[in-house]
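Residue strings, one per chain:
Number of protein chains: 2
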Amino acid sequence: MTTPDWAKHAVFYQIFPDRFARSGAVEAQEAVQLTPWGTPPAEQGFQGGDLYGIVDRLDYLDALGVTALYLNPIFASAANHRYHTYDYYEVDPLLGGTDALRALLDAAHARDMRVVLDGVFNHASRGFWPFHHVLENGPDSPYVDWFKIEDWPLRPYASDQPHNYAAWYDIPALPELNTDHPPVQDFLLDVARHWIAFGIDGWRLDVPREIETDGFWEAFRTVVKDANPEAYLVGEIWDEAPAWLQGDRFDGLMNYPLLDATLGFFGAGSLRDYSKAHLTFDPIDAPAFADELDRLLALYEWEATCAQLNLLDSHDMARAQWILNNNPAAFRQAVLFLMTMPGAPCIYYGDEIGLSAAGDPHCREAFPRDDADWDTDLLSFYQAATALRHRHEVLRTGRIEVLHASGRTLVLRRTLADATALVAFNAGADAVQVALEAAALPTKPLSSAWPPSANAPLSASSSPLPLSLPPRATRVWTTD
Amino acid sequence: MTTPDWAKHAVFYQIFPDRFARSGAVEAQEAVQLTPWGTPPAEQGFQGGDLYGIVDRLDYLDALGVTALYLNPIFASAANHRYHTYDYYEVDPLLGGTDALRALLDAAHARDMRVVLDGVFNHASRGFWPFHHVLENGPDSPYVDWFKIEDWPLRPYASDQPHNYAAWYDIPALPELNTDHPPVQDFLLDVARHWIAFGIDGWRLDVPREIETDGFWEAFRTVVKDANPEAYLVGEIWDEAPAWLQGDRFDGLMNYPLLDATLGFFGAGSLRDYSKAHLTFDPIDAPAFADELDRLLALYEWEATCAQLNLLDSHDMARAQWILNNNPAAFRQAVLFLMTMPGAPCIYYGDEIGLSAAGDPHCREAFPRDDADWDTDLLSFYQAATALRHRHEVLRTGRIEVLHASGRTLVLRRTLADATALVAFNAGADAVQVALEAAALPTKPLSSAWPPSANAPLSASSSPLPLSLPPRATRVWTTD
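First to last, the sequence lines map onto chains U and V. With UniProt numbering as the guide, the letters of the first sequence map in order to residues 1 to 480. With UniProt numbering as the guide, the letters of the second sequence map in order to residues 1 to 480.
Hints should not be assumed to be uniformly reliable.
One copy or two, either will do: identical chains are not told apart, so a pair holds if it fits within one copy or between any two.
As the list claims (entries may be wrong) - In silico SDA-like links for lysine to any residue, alpha-carbon gap of 25 Å or less: (1) Lys-225 - Pro-368; (2) Lys-148 - Glu-212; (3) Lys-225 - Leu-105; (4) Lys-276 - Ala-384; (5) Lys-148 - Thr-35; (6) Lys-148 - Glu-30; (7) Lys-148 - Gly-45; (8) Lys-276 - Arg-295; (9) Lys-225 - Ala-429; (10) Lys-444 - Asp-62; (11) Lys-148 - Glu-27.
If you are wondering where the hints come from, they were derived from the structure by calculation, not from laboratory data.
Based on the provided sequences and hints, a complete structural model is requested.
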């Protein structure tokens with residue numbers, strides 16, 4: 001299989017559009033009552049973030065080392081998260097409408113930044129026009145086969161009786177689309193094609209496993225790649241799913257299993273009692289982490305592994321800082337781990353300035369406007385961490401091996417052609433010495449690449465090579 | 001006041017889009033189950049007429065003498081009549097979508113045919129996205145002021161409890177727009193401007209009296225005329241409404257009062273027992289008809305009178321043929337009366353081939369595909385009648401006077417500069433002789449203009465001039 005090269009080299013930034021930045025330039029917002037920016041997030045309430053606001057922040061994102069955006073849904077929706085789509089062909093008016101997406105794509109592409117949208121194709125909203133059509137016309141509606149209806153009359157809004165059609169998670173607001181009905185497939189494939197042709201660089205696919213129609217996702221890939229062979233397809237699948245990364249469906253998955261182990265290893269000792277779906281965030285030591293890493297790396301072809309979307313958190317879970325009980329050292333090591341792994345790291349908006357919050361809806365808070373409210377040290381750290389990844393191709397697509405795993409210490413080697421990197425983590429509270437075999441080291445000299453201020457080369461002159469790692473230290477050496 | 005010249009000279013044709021012509025070219029129709037073409041019309045059911053179908057029929061309409069189309073609503077809607085709008089910025093997909101309107105406008109304009117759309121701005125549908133928004137978010141929705149909501153939670157679909165928001169005619173499917181809320185005004189004015197800029201030639205305004213917001217219709221006129229000074233604005237007001245035709249709102253009204261008197265006079269003796277709104281279709285004689293004509297002509301400035309939309313029926317009432325109990329002579333005289341009146345005659349689709357049906361939904365039947373099902377004699381008559389109007393400007397914009405009204409006989413004079421026309425109707429079953437004063441006749445000779453085959457000029461050589469009118473005869477003489 002082949003996956004888009006740009007994705008392997010990307011640093012993603014995930015944006016929850018209602019909460020990242022408000023431009024003040026959206027006329028449709030004049031017409032409505034918004035919740036003030038910074039209100040503690042609740043299930044309802046729009047705070048007025050918009051796509052022009054993202055355009056205004058592109059300098060900031062550039063400086064952060066971001067090369068690709070992943071936006072939570074932006075199509076017309078009555079939900080602040082916009083997973084309840086009512087019009088798949090229009091960007092939500094409160095986000096600035098389709099013109100604002102045009103502006104964002106043009107501005108992002110002008111700086112070689114890509115934009116991936118969230119595709120929600122398993123279910124629509126009660127306000128999606130074909131559902132409205134069925135609601136108004138009952139069995140006489142020509143759209144009756146677009147949904148999975150159990151009996152009549154439909155009850156989408158009855159508080160005292162259950163809904164009587166298939167709905168995602170049994171939420172009446174989210175009628176499932178009948179993807180077994182060919183016209184529905186045609187509709188969704190046209191939406192997929194339409195926005196790729198409009199200029200987006202890929203799709204993150206929401207709950208794709210719930211669409212079980214034979215051949216749907218294969219057809220989806222064909223349509224998308226025909227429109228743009230470089231488009232990136234990443235699925236929201238929370239566990240291992242080798243069948244989905246064999247070249248005929250997605251390029252990568254949201255790498256939740258890696259996230260679970262990453263926070264479990266670097267956060268061991270300070271983890272909150274938190275779980276989400278099948279992620280349990282159990283404390284693990286380096287050997288267990290190394291085993292899990294080996295297991296995960298063996299699941300997929302290398303092309304897919306390099307195109308995974310590696311993350312520490314998302315809009316669907318507590319922020320990593322919060323799970324780590326705001327342990328800054330653990331958090332920074334987890335960030336560096338992501339920046340030195342194959343697979344594209346994805347920063348959830350605001351993590352880089354210290355946002356820390358429990359799960360949905362808390363983790364969807366407004367990005368603070370005033371930088372006095374930012375952790376600017378953390379922001380500088382993030383900038384340096386993404387720069388490290390961008391500087392060394394070997395950290396992005398070099399083959400990976402565990403050289404050493406014991407206690408709280410993990411040493412990894414990355415190799416790409418004649419380039420080598422050593423990446424060492426001491427996640428413990430005590431200094432450690434690791435003795436590396438000289439044979440594990442390249443003949444070319446290794447310069448220090450991390451921390452940015454360090455200037456301690458590593459050479460294979462003595463064997464075994466003693467590696468000194470202070471408490472909570474991360475060290476990277478590279479030959480290039 | 002000034003009104004668009006083209007409207008004064010137009011022959012309109014009103015189309016109920018789901019039922020006029022099906023092109024077979026609308027892909028969205030492949031996705032749905034349609035009711036077969038020609039099914040007796042019911043409240044629900046789509047038969048698949050579309051805008052490309054109208055394009056296919058433009059030769060037919062040209063030959064009929066039609067120079068302007070008035071289309072019942074075409075924006076996205078879950079109702080076959082499409083008065084329940086869910087998206088004001090999209091043409092309904094089953095009609096071919098916005099691309100089909102582009103094609104229709106281009107094809108119509110290429111033959112100097114105008115297109116007027118139906119604007120439904122007092123109310124939307126339950127599926128209109130801001131209403132959906134309020135439904136999903138309750139009092140937290142930023143669109144809460146767009147409607148007139150009485151309490152929470154909203155009950156748009158509860159069968160056992162009344163709805164709790166203002167709705168047109170208390171129909172829960174039709175929430176009223178709160179036009180007192182400035183953003184709603186801005187929205188509607190933008191819709192008005194948008195489609196005029198897109199290329200339509202005017203708006204027929206649905207139930208305009210129900211929008212009582214001060215200055216709304218004045219602003220509407222300004223926006224529309226700014227976008228196209230030649231745009232035509234015609235209001236659906238069923239009775240007299242001089243305040244609406246003073247130059248600051250509409251150019252004309254749907255002339256239902258004239259329709260009532262016209263069918264009452266020409267149909268006297270064969271009228272069915274039918275009424276609609278305040279139209280009672282009472283049989284009247286020529287003096288009563290002449291009085292009503294004089295009264296109606298005195299209501300408005302001449303500019304407005306010439307821009308009235310004169311009709312015999314519409315989608316909102318029984319067809320004229322049916323009201324007249326299929327009396328062909330009465331029907332043809334009524335048609336000729338409209339063709340010789342100031343104000344643009346409007347043919348309701350299918351009247352010209354003999355469709356005859358009771359009120360809604362029956363009068364919204366599919367136009368027969370097979371011309372074996374047409375009354376082709378009637379069609380030829382219509383072609384001749386529109387040609388008569390087009391041939392003689394005096395019949396369109398000439399001043400009008402009643403020369404004679406007695407029993408079942410009415411004689412009218414039209415004058416425009418040095419042109420004169422005499423129009424005489426004998427709506428009775430007996431031949432009559434009318435003695436016209438020579439002073440009432442022009443010095444220029446009068447040639448016979450109707451019936452088409454006649455060749456009997458009229459001259460003022462003798463006085464009084466005896467005018468012989470056979471039973472149910474219509475005669476027209478003109479100087480030009």
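Now for the hints, and whether the structure bears them out:
1. Taking the shortest Cα distances, Lys-225 and Pro-368 never come within 25 Å of each other, neither inside one copy (38 Å) nor across copies (46 Å).
2. For the identical chains of this complex, Lys-148 and Glu-212 are intra-copy neighbours only, at 14 Å inside a copy versus 43 Å across copies, given an alpha-carbon limit of 25 Å.
3. Taking the shortest alpha-carbon separations for Lys-225 and Leu-105, only the intra-copy value of 19 Å comes in at or below 25 Å, while the best inter-copy value is 36 Å.
4. Proximity of Lys-276 to Ala-384 under the C-alpha cut-off of 25 Å is found in neither arrangement, the shortest distances being 30 Å within a copy and 78 Å between copies.
5. For the homomeric pair Lys-148 and Thr-35, the shortest alpha-carbon distance between copies (21 Å) is at most 25 Å, but the shortest distance inside one copy (36 Å) is not.
6. Taking CA atoms no more than 25 Å apart as the test, Lys-148 paired with Glu-30 passes between copies only; the shortest distance there is 19 Å, against 38 Å inside one copy.
7. Taking the shortest Cα distances, Lys-148 and Gly-45 sit within 25 Å of each other only across copies (20 Å), while inside one copy they are farther apart (30 Å).
8. In the homo-oligomer, the alpha carbons of Lys-276 and Arg-295 lie at most 25 Å apart inside one protomer (21 Å), although the nearest pairing across protomers, at 78 Å, exceeds that limit.
9. In this assembly of identical chains, the alpha carbons of Lys-225 and Ala-429 never lie at most 25 Å apart, being 48 Å within a copy and 77 Å across copies at closest.
10. Neither within a single protomer nor between protomers do Lys-444 and Asp-62 lie at most 25 Å apart by alpha-carbon distance, with minima of 33 Å and 86 Å respectively.
11. Taking CA atoms no more than 25 Å apart as the test, Lys-148 paired with Glu-27 passes between copies only; the shortest distance there is 23 Å, against 38 Å inside one copy.
Violation of the numbered hints given earlier is confined to hints 1, 4, 9, 10; the remaining hints are satisfied by the structure.
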